[in-house]
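Engineer: One letter stands for each residue in the lines below.
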Amino acid sequence: MAYRCTDPSKKGKRLYEVHCANCHGEEGQGLAQLYPPLANSDYLEAHATELPCIILNGIEGEILVNGVSYNQQMLGHPELSDAQIANITNYVVRQWVPSRPAPTPKDLKAWADGCN
Amino acid sequence: MLNWKLVIWVWIVGTIGLIGCQTEPKELPYLDIKTESRSEGGKTVYDTLVREMPIFALHNQEGELVDETIVEGKVHVVDMFFINCPTICPIMKANMLNVYAKYKDNPNVLILSHSIDPERDTIAALKDYADRLGISSERWQLLTGPMKDIFKIAEAYMVPAEQDSRAPGGFLHSGAFLLLDQNRRIRGIYDGTEEGEVEKMMRDMELLLNAA
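Sequences listed follow chains A and B, in order. The numbering of the first sequence is our numbering, which starts it at 1 and goes up by one. The numbering of the second sequence is our numbering, which starts it at 1001 and goes up by one.
Just chain B, same shape as in the assembly:
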C-alpha cells in the first residue's frame, strides 16, 4: 500500500528545495549601474556602465597611507563607524567580527571600516580600538582621513553619513555593510545590525570568491 503521507511529505520537501534553488542566485547583481548616452553614426546609443568605486588615500590603524590598490583582486566589505558611537556601531562590530573570524586567514578578503569622526579617531585611537577588538590590519583596516574625503567616499558607497550634534555621539550614519567584488564594484548591500543579513552576506562572499 502506498504511504500517502510519505508521498505528500516528499513532494512538499522537494518543492521547497526547488524554490530554494531558484531564489538563491548563482551570480550576484551589479548594484551601482548608470546609463550613458553617446551618438554613433547620427544615432543615440545608450551604454550601461557599472561604476567602479572612487580612488582613495587614507591612513589605517598602523599609520600607513593606503589607497585603492589594497583591495585589488580582493572581495571586500566596507562600512562606516566611529569609536564613540553608542548606538548601532557596537552591534555592527560584533557582526563584522564574525566575518573577520571566518576570513581572517583568507588573503582574498579585506574589510574596510571608515571612521567618520577623524577628529577623535586618530591613528593611535584606531590602533587601540583594533587591538581591543583583536583584529589585524592584514584583514581588517580601520581608516581615517580628512572629513570631506570620508564623506565623499560614504556618498560614493551609497552609505549616508553626516555630522549632527543632536545625534548620540555627534554623528549619524547608516548601518549598511557593502560587499564589493575583486574589481571594486558593489555587489550587495546588507543591514550590518542584523545577524541574518550578515550571514547572507557571507554566503554571497563565497559566490564572489568561487567566481574568481
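Pulled out of the complex, with its shape left as it was, chain A reads as follows:
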C-alpha cells in the first residue's frame, strides 16, 4: 500500500493536532467563549491570509467571531519553521474555509512574507 508520508495536508494535520488542537479542538470547534472556533468561522474566512502571522506572532485583544466576543491571548509559535507554519495554514484553510480555493505554495509564501 502506498503511504505518502510527505503529503503536506497530512503533515499539516499532525502539526495542527500538536500545536493548535489543545485550544481550538480537533474538529476546529473551539471551547466555549474562551477559544474561538476555526470551523464555520466568519473571522477566519475574512482573515485567512493573516493566518501565518497569527500562528507566528500570536494575537491579543478582543475579536468577534460569528458575533461572539473572544478575548483570550494566543501565544505565538516562534519555535515553528516557515515550512511548518505553511503546512498548518494549508491544513486549516483547506479544512475549514471551503469558500476559498486551497492556497498554493506561492500564496502561502506571500502571506507569510507579510509578517515581521
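To be clear, the hints were calculated from the coordinates, so they are not data collected in a lab. Values in this document were obtained by computation on a predicted structure and should not be read as measured data. A portion of the hints provided could be inaccurate.
Cross-link-like lysine to aspartate or glutamate pairs, in silico, EDC-like; alpha carbons within 20 Å at most [to be verified]: (1) K11/A - D107/A; (2) K1127/B - E60/A; (3) K10/A - E26/A; (4) K1102/B - E1036/B; (5) K1127/B - E62/A; (6) K1127/B - E1062/B.
For the chain B half of the interface with chain A, some residues (derived, Cβ under 7 Å), not all of them [stated by the list, open to error]: (7) P1086; (8) I1091; (9) A1130; (10) R1132; (11) L1133; (12) A1212.
Beta carbons are placed, not taken as given, at the ideal position from N, Cα and C, and that holds for glycine.
Since chain A is already given, all that's left is putting chain B on it; use the hints.
Structural biologist: Chain B in isolation, oriented as in the chain A frame:
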C-alpha cells in the same frame, strides 16, 4: 442439535462480564495513607492514617473568601490551572466542562480549580474566564490566593506545580484531576487531559455519591 457456536459465544461474553465485575471495585481506595508509630504499654504500635487535605483560605471568582467548609460533605474534584496556559489547560477545561455539565444541578458535588498564576489571574480575570466558560461558582470555583499558599496546596494534593520561565506561559503543572470524598480524603487521581480517564472519574464519583 446444540449450536456450539452459540454456546461458545455465550461462554465468552459471560466470562468477559465476570471479569468486568471483578475489575470494577465497589469501594474506592484511600490514596494518601501514612503510617505513624506510637508506643503502647512498652510496645511499638503502628497506626494507618488517612490524611485529610489541609485547610485553606482563598478567593473565588466572585471575590468571596472561601475555606475548606465549602467542600464539607461534598464529593469534590480538584485541579491546577492558569488562564494563559497554552498547553494542557484548555483540554483539561474541555474535559472538566463535561464533568460540570453532568453535575451542575447536583448540590453534593463541587469543582475547585486553583490558579497557580495569582499575579495575572486576578479575581476579575477569573470572573471573566468563568463567564466565558459559562460556569457558576455554585458548582465550579476558580480559586486564587498568595502563591506560596497555592503551591503548598498543590503539594498536599500531590499535584506538582512550579514557576518556570522556560515553560510556555511561565508555569509547569500536572494535568491531574483529583477526586476527593465527602471527608476531604483523596480517592482517585486521573489524567485530566484524557477523555477516557475523566469518564472513569465520573463513574467513580457515582460510587462516592451512592456511598453517602
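Engineer: Confirm or reject each hint.
Structural biologist: Going through the hints against the structure:
About 18 Å separates the Cα atoms of K11/A and D107/A, which keeps this hinted pair within 20 Å; it holds. The hinted pair formed by K1127/B and E60/A meets the criterion: a straight-line CA distance of about 19 Å does not exceed 20 Å. Straight-line distance between C-alpha atoms of K10/A and E26/A comes to about 14 Å, which keeps the hinted pair within the 20 Å bound. Of the supplied pair hints, the one linking K1102/B and E1036/B is violated, its CA atoms being roughly 39 Å apart against a limit of 20 Å.
In summary, the hint linking K1127/B to E62/A is supported, as the alpha carbons are separated by about 17 Å, within the 20 Å threshold. This hinted pair checks out: K1127/B and E1062/B have alpha carbons roughly 6 Å apart, not beyond 20 Å. Interface restraint check: P1086/B against chain A, minimum CB-CB distance 5 Å, threshold 7 Å, status holds. Interface hint status for I1091/B: upheld, as the beta-carbon distance to the closest one in chain A is roughly 5 Å, under 7 Å.
A distance limit of 7 Å between C-beta atoms decides the matter here; for A1130/B the minimum to chain A is near 10 Å, and the interface restraint is violated. Interface restraint check for R1132/B: the shortest CB-CB distance to chain A comes to about 4 Å, inside 7 Å, so the restraint holds. Evaluation of the L1133/B hint against chain A yields a held restraint, the C-beta minimum of about 5 Å falling below 7 Å. With a least beta-carbon distance of about 31 Å to chain A, the hint placing A1212/B at the interface is violated under the 7 Å criterion.
Going down the numbered hints, you'll see the structure goes against 4, 9, 12, while the others check out.
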